[in-house]
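Participant: For reference, the chains in residue letters:
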Amino acid sequence: MNITSETTGDLQILTVHAPRIDAVAAIQFKDTVRELTADQETAVVLDLNQVDFIDSSGLGAIVASMKHLGKDRPLHLAGLTPIVAKVFALTRMERVFRIFSSPMEAVQIDQVKSA
Amino acid sequence: MPDGYFLTPMHGTPNTPAPPDIHLVFPATEMSVRRALLSLRASLKALAINELAIGFVEIILAEVANNIVEHAYPLNESGTVTLSCSKAEQGLRFEVSDRGKILPGGVIPPTKDHDLDAEINHLPEGGFGWGLIRDMTSMLMYKRDEDRNILRFRDAFAKV
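Going down the list, the protein sequences come from chains B and X. Each step along the first sequence adds one to the number in this note's numbering, with nothing skipped, and position 35 is 118. Each step along the second sequence adds one to the number in this note's numbering, with nothing skipped, and position 109 is 111.
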């Protein structure tokens, strides 16, 4: 699964370049996020703007990634498309994550906070 | 030629139901589920179902089919999933069947009530499937017919 990483200030932004995080992709997603976030210490923003479908396995993989990062490195979400947002809402998992409209919004809020 | 000849239904007598609009049979594997969902998506588009409604249907069917792949058939045993869909005035009607294990207790599992205020390490990574299916469908019904599991439902796009 193609996920790219970019570090801006105190945030690592991971962008998922795939249309689906489903049962087929879940393990690969977890492994790739794990690799990309090793050797880093910042909070992470997961940009899901290119993802238009997620199932419960994909959702589980995102929760697993959050747990792996631990308490001191929060995993935030950004750019939820309608169906992805619906899955987070119906499972109430939207309460567990901080959700930004875009990675840019996360960066701006982060800068305000640390100013 | 008797009067009303052309009023005879194209498909059998009134006692035999019309064939579904979509009928798919696919192997019970994660990759085949993905392919079947893409095929279903194309067929629903051809039936003039709108994009958002198609996305909703895709969530329901992904959960139903992946449950069959993960729980109904034992690992390394091949099986198939049969899906049919009919467009009716009230919305889309679905039937999904398989020849795997019966659902636990022979009933549709309840929605799991997860503790989302739990400490991060105790947050749920699974068990969302039947909750999503229950939330997004109406007239959800399960039947064990000899060696077959049959799940019937309507999409409840308007409900959510």
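In short, the hints are calculated from the structure, not lab data. Do not rely on the hints blindly, as some may be mistaken.
To be verified - Chain B regions said to be covered by chain X (calculated; three or more residues, Cβ under 8 Å):
1. 93-107
2. 113-126
3. 139-150
4. 159-169
Idealized CB from N, CA, C, for every residue including glycine.
Participant: Run through the hints listed earlier and report the numbers of any the structure violates, in increasing order.
Facilitator: 2
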